[in-house]
Structure formats: structure tokens, C-alpha cells
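Engineer: Chains as they are written, first to last, in this note's numbering: chain Y, 1 to 362; chain F, 1001 to 1362; chain V, 2001 to 2362; chain A, 3001 to 3362.
Please note that a few of the clues may not be correct.
To be verified - Straight-line C-alpha distance at most 30 Å; calculated DSS-like pairs for lysine-lysine:
| id | chain 1 | residue 1 | chain 2 | residue 2 |
| --- | --- | --- | --- | --- |
| 1 | Y | K7 | A | K3007 |
| 2 | F | K1007 | V | K2045 |
| 3 | Y | K45 | Y | K192 |
| 4 | A | K3148 | Y | K7 |
| 5 | V | K2176 | V | K2045 |
| 6 | V | K2007 | A | K3074 |
| 7 | Y | K74 | A | K3074 |
| 8 | F | K1007 | V | K2148 |
| 9 | Y | K7 | F | K1074 |
| 10 | A | K3165 | A | K3148 |
| 11 | A | K3148 | Y | K148 |
| 12 | V | K2007 | F | K1148 |
| 13 | V | K2007 | F | K1007 |
| 14 | A | K3165 | F | K1007 |
| 15 | A | K3165 | Y | K7 |
Unchecked claim - Stretches of chain Y that chain V covers, calculated by requiring three or more beta carbons in the stretch to come under 8 Å of a beta carbon on chain V:
| id | region |
| --- | --- |
| 16 | 10-23 |
| 17 | 67-75 |
| 18 | 118-124 |
| 19 | 241-247 |
| 20 | 313-323 |
Because the hints were derived from the structure by calculation, they are not lab data. Idealized CB from N, CA, C, for every residue including glycine.
The lines below spell out each chain.
Protein chains: 4
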Amino acid sequence: MSSQWGKNLRMSIFGESHGTAIGVVMDGLPSGLPIDEERILFEMKRRQPGNMPWSTKRKEADLPEIVSGSYEGKTTGTPLCAMIRNTNARSKDYSVLTSLYRPSHADYSGSIRYDGANDPRGGGHFSGRLTAPMVFAGALIRPWLEEKGIFIFAQIRRIGGLGTKPIETLSEEELKSLSGLDFAVSREWDRKEMIEAIEKTRLQEDSLGGSIELLITGLPVGVGNPIFDTVEGNLAQALFGIPAVKAIEFGDGCEFADMTGSQAADEMRMDGDTITFASNHNGGIVGGITTGAPIRCRITIKPTPSISQPLQTVTREGVDETLRLTGRHDPCVVPRAVPVAEAVAAMVLADLLLGGGDHGDK
Amino acid sequence: MSSQWGKNLRMSIFGESHGTAIGVVMDGLPSGLPIDEERILFEMKRRQPGNMPWSTKRKEADLPEIVSGSYEGKTTGTPLCAMIRNTNARSKDYSVLTSLYRPSHADYSGSIRYDGANDPRGGGHFSGRLTAPMVFAGALIRPWLEEKGIFIFAQIRRIGGLGTKPIETLSEEELKSLSGLDFAVSREWDRKEMIEAIEKTRLQEDSLGGSIELLITGLPVGVGNPIFDTVEGNLAQALFGIPAVKAIEFGDGCEFADMTGSQAADEMRMDGDTITFASNHNGGIVGGITTGAPIRCRITIKPTPSISQPLQTVTREGVDETLRLTGRHDPCVVPRAVPVAEAVAAMVLADLLLGGGDHGDK
Amino acid sequence: MSSQWGKNLRMSIFGESHGTAIGVVMDGLPSGLPIDEERILFEMKRRQPGNMPWSTKRKEADLPEIVSGSYEGKTTGTPLCAMIRNTNARSKDYSVLTSLYRPSHADYSGSIRYDGANDPRGGGHFSGRLTAPMVFAGALIRPWLEEKGIFIFAQIRRIGGLGTKPIETLSEEELKSLSGLDFAVSREWDRKEMIEAIEKTRLQEDSLGGSIELLITGLPVGVGNPIFDTVEGNLAQALFGIPAVKAIEFGDGCEFADMTGSQAADEMRMDGDTITFASNHNGGIVGGITTGAPIRCRITIKPTPSISQPLQTVTREGVDETLRLTGRHDPCVVPRAVPVAEAVAAMVLADLLLGGGDHGDK
Amino acid sequence: MSSQWGKNLRMSIFGESHGTAIGVVMDGLPSGLPIDEERILFEMKRRQPGNMPWSTKRKEADLPEIVSGSYEGKTTGTPLCAMIRNTNARSKDYSVLTSLYRPSHADYSGSIRYDGANDPRGGGHFSGRLTAPMVFAGALIRPWLEEKGIFIFAQIRRIGGLGTKPIETLSEEELKSLSGLDFAVSREWDRKEMIEAIEKTRLQEDSLGGSIELLITGLPVGVGNPIFDTVEGNLAQALFGIPAVKAIEFGDGCEFADMTGSQAADEMRMDGDTITFASNHNGGIVGGITTGAPIRCRITIKPTPSISQPLQTVTREGVDETLRLTGRHDPCVVPRAVPVAEAVAAMVLADLLLGGGDHGDK
């Protein structure tokens, strides 16, 4: 199976970029949860191209139709299916893809996987468009987490060699401002520089990769499991479901390779009756289980392979060919991946919290 | 559930560091697979402390007892259980752990998770000792992969700020030599430097982190799935099951954040009838599915938190205290994690290949 | 989770009787399978009320809209979602259900399960209407089974105390005729009697239960697993998903209770190079695994609890009340359950056959 | 996979009749649960041959060794592995099985399933001996259920054409006496008759089938799920894991086929503030979810195929042959299956109750 995730709260994603519709079935939702349509629209708009120099004119947000699992504005607890119709798919633009494999896209690996039967138009089921139902799912469940005091923040940490300060150094105010930004970098100067770098790259018919940081606050201590059902493992498996994600780090992540044990130790101290940590190198997870400190997670996203520069490739018939993509392509998908990462993290956490056996009793 | 992994070939890990035994049940094995005891012993010895300056005298390898699933030297196809008895567990050494939480260990998060009922001695089920059954499982299934032409290589890439050349640049001979080394670094000079750095750190009562690189060759094109059941996601979920792993990268991994699309493109060309790639930035996986190029994967391992330097912590009763660990502790677990990472990767690949629907028909 | 089934081929059912739509996501389908629309319509029509004396006028078959997973008339191998809109739901008819629990319906147990938030109209997600997507799923996958020589037949065995001859005694011609009958009883006289019994019961404002027999031919030897993943167990778990099913028997089923070992033995003999059985008491499954003999399975369906006779019940507020259902209600759902049982069995078998590890290599 | 069951509490059964050991890994246990060794021994003794005329001398109960998951007499919450060594396996008795397929045993279907590699001695992994770890698992978790007021009773309902009164008509005292009986029939006369019938059949070198009834009291309303994750479906999938089970009925089961809706209606009435049912035809489950009434479930067990009468069969090489089993064989496994059925039901219920999303909040 390809497109299902979760043990207690399961999402089943379906659709192709140029098919009739895309969507998600959520099975295992708590019953009686108010469906916050405004929140859903807000999150889905964040995934829209945005008001960037390189953006196509802002389209209206995809409006998902909830066809089941909802009654009188609340979840029923039975499977909720939400669907987004593909209205303006112009298949002709993609006719080239039925003959050429685009390098670093899933055209080749996917075609072999499915014996050539999968939908090649716009990447089919591999399209970044499939992240829209993920955002829907996350937006639906986030109020349930937030009522428990669990909040998910995300920022762009790095794009095109330019960075901004780590998310754990942001003030509460800065964290809260992130979701309202078209381009989730809190420091204006950094944001401006990154946007310029993208625009410059676009004019060179090229694209940029980057990284996104998540900070998740308010989780109780003791959520998760050792060995194969860890918070890290669960987040990783789901986050690798976002197209173009190629690395996942927790806490100090790759920097641990150059650290000593004394540098990496999160010493503990009592603050009244409460256990506190002097640092959070582990990013809120030790032994696969939450420590109560915020979860810190970074994902790296490769530059989108859809660029206009000519690329050597081969046809489906096995003939060398040069690919020259035309039309507008997003020169950097990182900004739009921010709400997607938040949404996927929300689903993972809700799944863990809904499992009776996956956490302590408090 | 905590300690099970796999859909088609499932391993169920059990045991505590100082309990009666540790082991694994493997359910879904191919039937009739010869059980290569020499190979199993070889791989399990690689996980032993080794002949390093800081090592305790080399113990004999753990000898797992196969109590089911084997008949006349071959797998039956029904569940195979292998068990390793904990013979020389000296629980008194660990009495301190029943009163103190060791910083950056799972003592605190695990204790809350299990309401204080889990075995605190030596980390209990969170102990690195639980990687022994993983190595067993991998050693059992690897000949099945190798018969299909699939080989798994691993090296230490980085320790204590020191690195060696990337695994994809190693010659076939160098790759093959790695599993025979106590310290899996092919270039002698790099190896010597890293070993010295560890020894120096040990004398400072400290420890070191590092990173390991995997190279997996011979996988056919088209193995894996889009979205939530990707090769990356499956490897990540399982590899995060190795204690102290805090980051996982595929292909160029975190470096993608600073790259452009033209730099990251794996252009394609025909070589006779065969499709070849001019580069392998994607590490052999695109869209969650293998491309036929080698899988490149890097994991980062945090420095072991068991150091002799005093650390601020709290007692289980909530009183500030200083922890002073005594006794010998491994100053760097990276070398011993090399065969563990290989084994876990072997299980993940076998699981994918045993799923009828998870790959093309070739 | 409530409404998902399958390990290799997974169906995720969604919808409520009076919601916007019902449907199914099928994940794990073989790619390139032609979508036989005629077959789908044919099977879905079989589930329609039919041309019985008590039937409402024959409606056109529900036309499911395939919104994903299909390309150029074939399955892509990625998730296929099919949806049926609820066009003529008249919610007012069901207003009574928002105040009363109907005895032997899921109104009470479901309401407590979902804390009163589930959709009460027409049974909501518990409605028999949810069997329509099951029939769709089965109809889609059956040609794949049939190409392998696997055929599924079903008949009504018993209704209202009246029976017909066992399905294993039917000739090939009789078996093949079953799917073309509005009322799946091969012997005309038996059929006539049963239909009359239903009509008579209807006039008494009552309903009838019955049983359905499945015969599945052409399965290879060696499909299935011992202990918890048996062919029997898998069929049972899925078939209990059909509303009102209360018993499942394999082979001689309940009659085994009164038999001796010598009576129940399926003796074996060589017929040329082929192993044959002198009898098939075990119904084609021994040790959870197919023997090559036809699978025989019988399910018992309770009489529909929707009857017009007054019934004692209570309101949702906890007050004694008498329920007097008005309007037309199907006096016997057994005939319409026949294609549903076939479809569910098809999904179970395809799931087993698509699992690389669930059967021998032949 | 063959031998794993459960979503929240998972048991992984391993072992062969004549291998080194059999056992179970339980993953997902509540932590801090006292391990009641007396209870475990009591339940395991109930599965022993017993003091019947046809029994071999009563052996001491299998003593399982708990090798992990236990600390200071309580469950740790991490995987608990229990093992029973096969001490007195006399493989020579079974040499015949390496050449002949025993009719109605899994010798043939299992051999094809595993390409001849599975252990043929004593049925290998298909042996009834594998029910011992099931009984262990059930005995471990039952006190947890009983603390919640949930009790599981079972009786033999029918053997060799002889029956006793339905379990729902037994008094509380009679129900409680059942587990103390070697032969779980409450009415002495019925018990005596059944025992005589078995002994008589044994002298005729034959065997008998029978049925077992379960009554489960104290479950709250609202446990379970609609469609594919029903209480009926879960119990059925797991109970079919007991060798020789061929039918499963809930409530009135097969009798529903001959009933009317008015006869089958479980009318409801208020008794003070509590909803009560005038009858329990549905056996405590409607829509896959508990109603609060006792669960009634009946399983039918085929006569053991190990009889001394000569049987026509074939050799593994495909030659007609006559099988003449010698040695003692249990002429009726029904009495010993009683505690097994209880144990499996206990695991199923605990699994459902441990799933956060599988029941209401009360």
C-alpha cells in the first residue's frame, strides 16, 4: 500500500494531479470534534502559491468538500472523506511527460513500479498537489491538539545557502506570527534576502532547496514508544511522505556527529515540583518518548527538479533526449511545504495520543 | 506497541538489559532459507566491543539460541524465535539508576511512559543491548538478499569532527573490506585519527558522536511506494529504532538545502539498452521508489550520554542531585552501530521485497 | 479504526446513509487492471432491490464515480477512490430516529460508542447502504481473480425455515446461472416458496433471516497462513463487516459438532499426478491454508430489525416508548446480501494473493 | 505473516510441536500489572489432558519461563516473552509424517504453503500444542479485565450429538463452577453422558467434534467499531486461530436463519436510569459494538482427524497409501479447547479496550 498512514487515526490519501479529484479519508477521528472551516481554509490558503514575486496570481484556496463523517458541524467519529476536484487541469501541458522521463522526478521509478500504468500527467499520484489533503487533515485535527495545549510552529530555516536564527530562539510572539506570514521567516531581513535569492534563481531558470524547522510545544512527558514505534520514527515515516523531503533531524540532528557527551547532555533540575532541562539538545525526545521539552525537528527539501534549463534525459522508449520544460514552475517549494509539515506532524501526534497504549495515563 | 517492525517480514524484539534474556521473533520469513550460523556469528561479533584501546577484553560473541522456525538447518517459514540469555548481568552496578535519572538517557521519559514499572537496570528495554537481536535478524536474512544481488555496505563517515571520504567514492574493494574491519573506516589514516580522538575523549571522561553511511547496491528499479510507504520512510522508521540515532539523510541529504535544481538533477542517458544516471544526488530513491542507482543513506548518532563527568540531575523522588557514573563506558558507540544499521536496513529491504504489491514484477 | 480492511489490498469504506456520499478508497490494487464498467454495473444492480413482489420500483443502479486511481480505463496502481452520491435521501423520514433507539439496530450501541455525535439518519455509517462500495470493490477486482481461474459463486441456502440444496451439489451450469437471478436460488420451486414466504411475512409486518452459501473454485493449494492469519479468519473478519451477519461456517461448519473423525476425514487419492480428495468436509481450508478443493462458506443473516410491528424501546432521553415504524422496509435483506458476500470474499482473496509471503510460489 | 494478532495488545506466537520451545511475545501490555503466577498455572493446567478415562496420566502443567517484560513481579509494559521448552518430544513417533500426508490435517496444505520446508513432526507450527502460549497470554491479561468487572465463562455445549443447556441459562453459581471442572459441563448428567460418548468413540478408534459456548459479562456499552473492526470480526479472526475451529456464531447465530424480525428483536426498557434488554438474541453486539448485554459466542470444533482407523491418503512423493495411526490420540479436543477459547477472547477484548479510539469514554 502506498498512501495510508496511522494506527489509531488513519489517513488514506488518494488522487492524481490531473485526475478527477484528490482527497483523504480520515478513519479513527474523535467524535464530536467541531469542524472549524475557517481554520481549514486558513491552513489550505497557506499552502497556496502566495504573494511572491514569482507566484502565479493567487488562486482561491482549494475548497475541500466533506462528503462523510460530519454531522451538524461536528465529526461523527466514523470515516470522514474530504475531496477536492481538479477543476483547471490542463493535460495538454503535460503531454511531454508521456514520452520523456523528467530527471529527479518519479517519472522513471514510478513508471517501473507500476508497469507504466500510472497516470503520468503532472506527476500523477506523486504530485506535490497531493499535499493539499494532508493540510486538510492536519487542519481538522489541530484544534483537538490545541485544546490539550499542544501547538505546532514551523519556519523556513534555510534556503539557497541563506539561513535565519534557529526556531528554538524565537520569542513566543515571533512563533505565533509565523503562520500569518506568506513566507515563514520571522526576521524581516532574512526573509527579504531569501525571497530575493529565489527570485534571482528563478530568472536563471533554476530552483532552490531549503530546510524547515518544526517546534512542537505542550506535549506531555511519556508519549511514544521505544525501538520501532518512536516519536522520531513515526514523524520521520510520515514526513518523508511530503514530496522532496530528503533528510530529517531531531534536536541537534546532524550536529551531534561533532559533539561530545558533555556538550550534548540535557542536565535536569527541579523547579519547585517540576523537572526542568538546562538544555534541549535531544529535541524533546529521548528513547523514542517525549521528555516534556519542545520537539525540535528539521526537514530538508531538495530543490524542485522542474527547471527550465535543458536537461539530459531519455524517452520512455529508451532514446536519449533533451528536456526543455516550459511554462511557470515554482522555483522553490520550501515556503509552501511549511504548512504541509505542520499538518503531517499534527496527524502523527494525534495518532500517538489516540492510542490508548502509547503514552502514560496523565 | 513498541518493538515490532515490518508488514511482510515482521520482527518482534523483546528483552531488557538485565532481564533473563533478549531476543527476536521473525514472522514472515521465506521458507527453506539456509540458516548460515557462521554469518550470524560473524555479524554478531562485529557488534561486540572490538579490539580498541578503550575496549573491555573481547568477549565471545553472544550466541543466540534459535528455539523455533528452523528445521534441518533451514527456515521453516513459520515464526523463528532466537534468544540470547543475559548471563553476566551484574545488577548491583546499576542500583544508582533506581534512584537517579541519567540525563539524556530514557530513564525519565521511559519511567513516565510506563508509570515507573519498567526495568531501570541498565536502561532495561531501552538498552543498546537490544540491538543484538536486530543484528541477528539482519544476518539471517542477508544471504536471501545477496542471492538477489543486493548488498549492503556501511562505513563510519564522521566521528568527533573528523571525517573520511564519502562512501560512494569507495572502490568495490574498499567497500568489501569494510565488514572485516573492527573500525569501519577504509582509509587507514582517517581510521587512526578517529580512534585516537575517541581514546583522547575517553581520557577526558567524555564521549563522542558520529555518523554512519550506508550504501546499498543491486536493488531493482521500482521497489517502494509513493507517499507514506516510501523506501525512505520505511528505512527511517526502522533506523530510528537504533538507540541514539537522531538524524537520517538520503542522497545529498541536508546538503540539498544549499543546492540548486540544476546541481541536484540526476540526468539520465542510455548505455546500450540500459538507463544510466550521470549522478546520484537522490541516493537511489525518487518518489519513494528505487531508481536502480545505489541507495545512499546517512545516520547521525549522538554521543553516548554515559560519561564519567559529573552531571546535574534529579532523583526519582524529585530532589536535585549530581550524577557521577563510575565503571567503564563505551566512549563512542558509532563503530558498534555499523553492523546494526546494516542489519536494520536488510530487514527493511527484505520486508519491501516480500510484499507482493510493493514493487514491479521484474 | 472502523472501516478499513486488508493488508496488501486495502479498502477504506466511508459514508453515511443520508450524508453527502458513500464510497471506498482501494489502496494496493494491481496496476494496469482494466476497469470493467459493465461488470461493476452488473454487480451493483444485483444489490438493488430487484423485481420482487415487495420491492420498491427498480431504481437505476448506483453509479459510482471513480475520482482517482484510473487512467485510460485501467487502474494506475495508486489509490482508487470511487464515490456514490446520496441523491434522494429524505431525512425527514428518519426524524423519529433522532429521538428513539430502534431495537436490535446499532442506534444505541453506536450512539454510546460515538458519544451521540454519529449521524443517526438511516443508521448513518451503520446503514446497509454502506455495502454498495463493498460491491464496487469486489466487482473491480473480480476479473483479476477470474483471470487466475478463481471464481466465486453464492446462493441463498435458507430463508424463513425453507432451504434449498447445498451449493456444493449444484452443477456447473446451475452455479453459473446464480448471478443472473434476482433471487439466487437455482431450483425454481425452492425459489418460489421462499419468495412467497417473504411476501407472507411482509404482510404480517414482520421480516425474515436466512443464510447464504459461498463456493469459491480455482484457488491454488497453499494460500493462507496458520494461526491468526488464516483464510477462515480473514474471511470471517471481513464478512462480519456486512451488516446483520451473525454466524460464519466453513465446510461442514456447525455440523462438525455431531460428527466423528471418520465421517469428517477428507481422504486423499492420486488421480494421475494430481492429489484429489474423496470429500470436502473441511471446505477447502485446513490449518488456515487452502487445499485446492473449493472453499465452502456459509453466513447467517439475522432478520432485519426494521419491522412495522410495534416494539418496546426507549428514547435517547431514557423514557419508555413504543416504536411504530412506517414506510416501506425490506422484509428480507438476504437476497441483496448475496452479491455483497461475493464481493467481500473477492477482496479477501485478492488481499491474500497479493501478499508475497502469504502463499507458495506456484 | 502467520502468527501475530492484535493492534494495541499484540501477541506473537512461535514454536513447533517438536522444536526446541514454543512461546509468545506480548507487546503493548499495560505496565505495572501484577503477574499472577498461580492464575497462569491454573489456566494452563485446565488445558492439560485432565483426569478423563482416555487421558494419558496427568502431566504437570507446562511451566512457561518469562524471559522479559517482567520486573519485581509486575509487567514492565515493554514486550513480555514467555517460553515453554519441549522436553519430552519423541520425534521417532512421527517419522511416518515425513512420508505421508494425514487426511484433514495441515500436512498437505502446509507443506505446499512452505514448499516442504516446514517442520512435519507432530504438525509443527500447526500443532494444537501452540494453544499453550495462547492460554498463557490470556491468563496474564485476565486479571486486568476482571478488575474492570469483565468476566469470561465457557462451557462445552455439544459433543457427539449430545448437548447441555445454553450457557445463558446457567446460574451465576453454575457459571463460576465451570472453570474448576475437568470437563466444563455444569449439569452432572450431561457431563457423564458426554464423557461416556467420547470413551465409547475412542474404543471404536474414532473421535468426536463438539461446540463451546462463551459468555462474557461486564463489558461496558460502546466497545467496538462498525464494519471491518467489529467485536464479532475481531473475535472471529482470533478464535479461528484455535486449530479445528470451523464455525463461529454470535447470539442466536445460525438459528437466526429461521427466525422472524419480531422474534429476534431485543426490545428495550428503562429500569430506573438504566437501559435494559428484554432479550439478548444479538449476543451483546449490535453494529459491531457492545450493547452492555453479555456477549454470547459459540464455536464449533471438528472431530480431531487423528484416528486409528485406516485412512486412504498419499505420500509426499505422490503414491496412494493407507495411513494407520498408532499410539494414543486424544479422541476429543473440545474439553481442552475450553480454556483456550476463553484466553483468546480475553486477548481480543483487552486489545479493543486498550485502543484509545475503539470505545466510548466511560
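Engineer: Could you check the structure against the hints above and give me the numbers of any it violates, in ascending order?
Structural biologist: 2, 6, 7, 9, 14, 15, 19, 20
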